[in-house]
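There are 2 protein chains.
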Amino acid sequence: MKLYGYWRSSAAYRVRIALNLKGLDAEQLSVHLVKNGGEQHSDDYVALNPQHLVPSLVLDDGTVLTQSLAIMEYFEDAGLGLPLLPESATDRATVRAMCLAIACEIHPLNNLRVLQYLSGDMGLSDEVKNTWYHHWIHEGFTAFEKLLARHSGEYCFGDSPTLADACLIPQVYNARRFNVPLDNYPNILRIEAHCNATQAFIDALPENQPDAQ
Amino acid sequence: MKLYGYWRSSAAYRVRIALNLKGLDAEQLSVHLVKNGGEQHSDDYVALNPQHLVPSLVLDDGTVLTQSLAIMEYFEDAGLGLPLLPESATDRATVRAMCLAIACEIHPLNNLRVLQYLSGDMGLSDEVKNTWYHHWIHEGFTAFEKLLARHSGEYCFGDSPTLADACLIPQVYNARRFNVPLDNYPNILRIEAHCNATQAFIDALPENQPDAQ
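Just so you know, the sequences run in chain order U and F.
FYI, our numbering numbers position 105 of the first sequence as 105, with every residue one higher than the one before it.
FYI, our numbering numbers position 80 of the second sequence as 80, with every residue one higher than the one before it.
Don't take every hint at face value.
Think about it this way: if two alpha-carbon atoms lie no more than 30 Å apart in a straight line, the pair counts; the simulated BS3-like pairs of lysine-lysine are [as the list claims (entries may be wrong)]:
(1) U:129 - F:22
(2) U:35 - F:22
(3) U:146 - U:22
(4) U:146 - F:146
(5) F:146 - F:22
(6) F:146 - F:35
(7) F:2 - U:2
(8) U:2 - U:22
(9) U:129 - F:2
(10) U:35 - U:2
Derived from the structure by calculation, the hints contain no laboratory data.
Only chain U is shown next, with the shape it has when bound in the complex:
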């Protein structure tokens, strides 16, 4: 498998965590999201992924999969490696809701293209952009902290890693980059510390990728 990603992309980081937790290998190909106006907009890449987004996963038969959550669900459906969703339908729904609480409610508001639009097309100051960023992290993490109070153990859902951890950890990493104070989120911090002490999460860290700068 080939994984098109970028060291700092939260969505690619999610997939790296899932691959590592499952013990799966994928060749990493870097799509530089900033250089030359963003390589995700190149003709070659857009032919692969018309959304101009990373990650994309190319299977050995050439099938292209996009969207980090869909890629991770593919690993589950194909029975590859350790399961990262629980067994019962209701528990699976809970883990998926946690994933979506990050992937639909926080990340889309704070990713690169949105921040570029706020400062570029809308001409807003760095200060306003920063306030915007912090606002959506706090909204999302306040709710996520309550979900963790109900469902977490050592990980987001009980004592085994799930797709929810693969979504949370990159979002926390991203929040730290933007200096968001996280003291009000003890469960998030506890799970972050636990995950980032394990090899699968360490190996997936942005700074440990071949294209890290």
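We have chain U already, so just place chain F on it with the hints.
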């Protein structure tokens, strides 16, 4: 089952479509997203759904499920009604990627709380807010149109309805509310016309809900 929703909520609308396509019944309970500062912020509702968002689905045993995509995946996992995901793992990944192309890339940027934040906290004009809204619809629909060129038949993926249609149709409805010109999206318009001629989609329309105003 009890479905907490709101007639104009795109996310609740998705779940209504899925329920109707599957021939499942749920008692609808209205959470008025605007009245009294938004009933989704009431103590009772937040105890149910700490994200302050609709929909929430309460199962007969009292289990609460949240996030529209997680709720719809629950119907699949629990084997309720007609399947709305294809059989093969790669096809399922494609349909899920289409769902996420709406649910992660368009809707989160244009939903009520974001529009309220743009005009409220950020003090931006209706014109700027409108430009923002249209921008993300066009970004998202341009990419989605290409996905449809690859995968669609009568529906988003082939000739049977899937979760992708349950995501697309509410987003198109929403775009029409904001007067976004849709002429450049012939595949989206074709699928919209096809879906909205079927009873499951008609019955799910916002204006056909008990709490419609």
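Going through the hints against the structure:
no. : hint          : result
1   : U:129 - F:22  : 43 Å, violated
2   : U:35 - F:22   : 47 Å, violated
3   : U:146 - U:22  : 28 Å, holds
4   : U:146 - F:146 : 39 Å, violated
5   : F:146 - F:22  : 28 Å, holds
6   : F:146 - F:35  : 39 Å, violated
7   : F:2 - U:2     : 43 Å, violated
8   : U:2 - U:22    : 16 Å, holds
9   : U:129 - F:2   : 39 Å, violated
10  : U:35 - U:2    : 21 Å, holds
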